[in-house]
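J.: Residues per chain are reported as follows:
Protein chains: 2
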Amino acid sequence: METRKTLTSLSYKNVSVNDPFWSKYRNLVREEVIPYQWDALNDRIEDAAPSGAIRNLRIAAGEDEGDFYGRIFQDSDVAKWLEAVAYSLASHPDPVLERLADDTIKLLGRAQQPDGYLNTHFTIKSPDRRWTNERDHHETYCAGHLIEAAVAYYETTGKTRLLDIACKLADHIDSVFGEEEGKRRGYPGHQEIELALVRLYEATGEPRYLKLSRFFVDERGREPHYFKWEADQRAKRFGPESLKAEGYYSLYKINYEYNQSHVPVREQEHAVGHAVRAVYMYAGMADVAAVTGDRSLLEACKRLWDNVTRRQMYVTGGIGSNHNGEAFSFDYDLPNDTVYAETCASIGLVFWAHRMLRLDPDGRYADVIERALYNGTISGMSLDGRSFFYVNPLEVWPKACERPDKRHVKPVRQKWFGCACCPPNLARLIASLGQYIYSRGDDIVYVHQYIGSETSLALAGRQVRLSLETNYPWEGRSSLTVNPDRPGAFSVAVRIPGWCEGASVRVNGQELAEARSEKGYLIVTREWRAGDVVTIDLPMPVERVYANPNVRANAGRVALQRGPVVYCLEQADNGERLQELALPGEAELVARYEPNLLGGVTVVAGEALRGDAPDPDAPLYGKKKRAEAAVPFRAVPYFAWANRGEGEMLVWIRER
Amino acid sequence: METRKTLTSLSYKNVSVNDPFWSKYRNLVREEVIPYQWDALNDRIEDAAPSGAIRNLRIAAGEDEGDFYGRIFQDSDVAKWLEAVAYSLASHPDPVLERLADDTIKLLGRAQQPDGYLNTHFTIKSPDRRWTNERDHHETYCAGHLIEAAVAYYETTGKTRLLDIACKLADHIDSVFGEEEGKRRGYPGHQEIELALVRLYEATGEPRYLKLSRFFVDERGREPHYFKWEADQRAKRFGPESLKAEGYYSLYKINYEYNQSHVPVREQEHAVGHAVRAVYMYAGMADVAAVTGDRSLLEACKRLWDNVTRRQMYVTGGIGSNHNGEAFSFDYDLPNDTVYAETCASIGLVFWAHRMLRLDPDGRYADVIERALYNGTISGMSLDGRSFFYVNPLEVWPKACERPDKRHVKPVRQKWFGCACCPPNLARLIASLGQYIYSRGDDIVYVHQYIGSETSLALAGRQVRLSLETNYPWEGRSSLTVNPDRPGAFSVAVRIPGWCEGASVRVNGQELAEARSEKGYLIVTREWRAGDVVTIDLPMPVERVYANPNVRANAGRVALQRGPVVYCLEQADNGERLQELALPGEAELVARYEPNLLGGVTVVAGEALRGDAPDPDAPLYGKKKRAEAAVPFRAVPYFAWANRGEGEMLVWIRER
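Line by line, the protein sequences are chains A and B.
Residue 504 in numbering that gives the first Met the number 0 sits at position 505 of the first sequence, and the numbers go up by one each step.
Residue 537 in numbering that gives the first Met the number 0 sits at position 538 of the second sequence, and the numbers go up by one each step.
Hint data in this document are derived by calculation from the structure and do not stem from the laboratory.
Among these hints, one or two may not hold up.
One copy or two, it doesn't matter: identical chains are merged, so the pair holds either way.
As the list claims (entries may be wrong) - Listed next, the in silico DSSO-like pairs over lysine-lysine satisfying Cα-Cα at most 30 Å (straight line):
(1) 182 <-> 210
(2) 623 <-> 182
(3) 301 <-> 623
(4) 398 <-> 624
(5) 409 <-> 398
(6) 158 <-> 12
(7) 409 <-> 252
(8) 243 <-> 124
(9) 398 <-> 158
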């Protein structure tokens, strides 16, 4: 193991977000999503799938009667809610909400078993099955979310009750798994605890947590295969028939690619299997690589990064194109209509990219964060914060969503889900947004995202206040005011997004002579004085984006993008049969801010060709090509689609 | 009921086919398919799914031991084989084959139960379940195929053994189902016996068979629903748990649309559910309508015909676009890659169209027969007659066939299937091809298909020999020699296909003055003399075919057709990434006969635009539009695709 210099992200705690675009979302999360999700966890939403999550905790604590309700990983929803609350309290103290969280934490404490075990499903239903089926049981997954919540709540509030619960649980897990004699050589069936244990290690300094995370990463995919071994144990103990009954032979899971345990992680070349599991694992690998300096792990991360982002990612930052198994497919297989692109997978991609940036200040990681943030993550939530997409398609024909093979694609967002992973995941992403904006080395600060914010950090022996003002993503100009407490030399690196041509960066209105470009950043090194202003101008013409020719679904098609925002056509603006619209190669495309549309968005307008309205009795096939006429069209930001009732939607438009 | 004048098809027995295109297929069926299928039925094909069908008969007859093997409808494969044998013997007497058939028929007789019941599955496995589950058990389906085989074998050979078996079985079924007190008011879960009983009625003159067929047609979909009633009976008898175990609640079948029993047949407006069930039922409805003159049934047939052929049919004559349930979808939902278009469904469409022609001499029925015959039916068989497609896609990316949602689409034909309905169905279609060519009224003969053949019929009191010579579908000229035994006036109607413009018909080289056009036929009424020759010239330029704009999958795309033959691009001719090819609107398209390609086919060649070969490391998305260059391309007949190894295929080509 060698050590390696890494960057440090500025914590959400130390970054105050005040941004015209994002503050709306953050207020929604605070005012709508967190209270709504609390009601959901308590089964108080009418016409929505019940959750049972809080009641499960009460039953496990012996304070209520009844059976466990929900998915085997239902506990994780409570943890994700607590994590979002922690981030929200950091920017907006709220004693009532904090009391609610404290009470919930106490309930978690009462539901925890004397040995540290905490999982309501097995405590209530089958204590004898604890730790018998890592592949399917999600015990470490739920623990991971609890640990993340605990670290966040501790960081925000300084309170240790949840952290203690998490440590006790982690200690228990550490007594079960490991390479030592008498422990199981197992690892998670749904990765998540790997990255959580590194967070716990960083919060507590306890090296056993890092060691356990590393063990999980290193052990994965080794032969003899643990998931086979534990199944053999169950067969011995509960009878061979039990495997069939429990779903052991499920088509997806019996294939180790589903949970990325087909080979050791360092040998993985292509992203395969369940996309959320994959990116959570890659994030954990990056964490372990950052903390331990393990180069082979870093190289595996980079290889997988290239595969995901250069072969398997939608233009919206969606990943996992395969509904069956919610999984990655093969390279360039990115169908727009039978897509999966789970909201959680794009969120996990942000988590992973954020960790890659820590290892390697390369703009391509921040570019992907930006792509996901402005497109495929927030598309998962309605503009009122009250309904959610699990699947984020790039082309929707509502009628086709009735086909059994497209039933997973919903044309309208739903209130809540039986498997409610996405809504609380979005809440914690948005509430912790501050942490994605800046990171720092000894004498350099990076600006990764153009999100209006303020922060303060020690840099080259000085305390520096930074203030970023912007109207991103609608306008390309951002101003960064640099306020060192006394003048001094250090570097400020601002990201020039991959989509941008002709960026200009000035300091106090002057063109730069001394700036250098490095891996997507313009680095300004100078003697900074209080009140210095860096102005970044990123030209934002409407761009036509073409897909790699290996992407079969997009042959002859074009997507529209302006700045980081990907656009789509909606039926609400353009009528039915969006597939008929063809965009001439030379058509002028105009961007226009519409303050009253969809909460205020910049739209793209122009003229496209479209066939005449078809005769309702026209035959199925004929020799006559229909006449076409130029018609005006309007494209709206993809993230804002499906906020005006059910209708068709299309990202990739035919180009003529 | 009113009676109605109908046309009579000339039987396969009375039409001798001698056609450069079809004789090859007919020889294949005789020399390859029938012997191969006999081996398959006897489990003698290595590396192919076993059948067990003959062994099941032996076990049911008490001559072998063991358990039933295969699908619940395994018996039907033997019946379809016998039916194909009957047709084959009509054109090519073969004492050895006939002896094999006779022996098989004797075995069927020995497997038949004393009360007439004949179904090896229930005889072997669960005699107590006879007639307890019409929805799923396929007892009447297997009986229908047996009856069809029996009628064909009787017509060809004059032998009555199989006909007696069939009558005994039909009598037994008639004792079980009907409106009389004590009988069940049930009907088939998989339609087929309806049309078979009309054939049996026409062969034997026994009115009970017609009455039973009509009962099945009339009773279908009435309330209280029979499938619910019979399930309640089973629940009472075998316990309510038995319904779950037997699959009663299966997603598709619990929905009555799956088997078209959602409403009475006369109220059905759209084709829904399992496509083969649907078209077999429509064929049976047309039969009952033809024999009884029932107008409301005829009108339902016409309405459903319009829906299927004007809203739900692929350009290849494929129907049933939905893999899940092998079913029709909604109007215009015709995806090319997740298609189903089962071979059997196109064959069933031919059966139905053939019966519609009997009711109404309208060329649109014969057009659809032609479309299916030259495209979506024979595409189900390899050119060597040894492997088969169940699913007939219009666009194939072999790698994508590994996706779980496209796994039903195979890029190469398979040797045999566990559910082997399609291969023997193709065999009986091709072996009985003669019956689709001509039909007659009192003083008119219709030529529906341009298939080289000879026949003889009584017409207006004369005996008339007809001889049709053609090189269809590669050349548009056909010559019909009309030889009445003495001169006389009658009409000859020749079909002008829907795809054809500028057809010319001459008699003895003279343009016609006295011909009239009627519903797709040119009717020549004159005094005919021996040796008169009708020459039909159907210009066959290469045509660009456009889909109705509601067909989302084909927006901006064009299919190539010449005569009745639909073309496709294959990787073998055009390399990978067929989606990249774009056909300029003005590109010249040349047809060329290639005697050494795919057994001799006319190809279509021209120049298309194609992007430069992509940089293997090109990014997923970029602003640069790739340069395009003109490249030659070659399209081959769709029916002949996938005969040169695994590769991409594409019917609908982007047009520029």
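J.: All the hints need checking, so say for each whether the structure fits it.
T.: We went through each hint and held it up to the structure:
In this assembly of identical chains, the alpha carbons of residue 182 and residue 210 lie at most 30 Å apart only when taken from the same copy (14 Å versus 75 Å across copies). For the identical chains of this complex, residue 623 and residue 182 are neighbours neither inside a copy (73 Å) nor across copies (56 Å), given an alpha-carbon limit of 30 Å. With identical chains, the CA atoms of residue 301 and residue 623 are at most 30 Å apart between copies only, with a shortest distance of 26 Å across copies and 52 Å within one. Within a single copy, residue 398 and residue 624 get their C-alpha atoms as close as 26 Å, which meets the 30 Å cut-off; across copies the closest is 33 Å, which misses it.
In this assembly of identical chains, residue 409 and residue 398 lie within 30 Å of each other by CA distance both inside one copy and across copies; the values are 10 Å within and 26 Å between. Only within a single protomer do residue 158 and residue 12 lie at most 30 Å apart by alpha-carbon distance; the minimum there is 15 Å, versus 92 Å between protomers. In this assembly of identical chains, residue 409 and residue 252 lie within 30 Å of each other by CA distance both inside one copy and across copies; the values are 25 Å within and 24 Å between. For the identical chains of this complex, residue 243 and residue 124 are neighbours both inside a copy (19 Å) and across copies (25 Å), given an alpha-carbon limit of 30 Å.
Taking the shortest Cα distances, residue 398 and residue 158 never come within 30 Å of each other, neither inside one copy (51 Å) nor across copies (53 Å).
Checked against the numbered hints listed earlier, the structure breaks hints 2 and 9; every other hint is satisfied.
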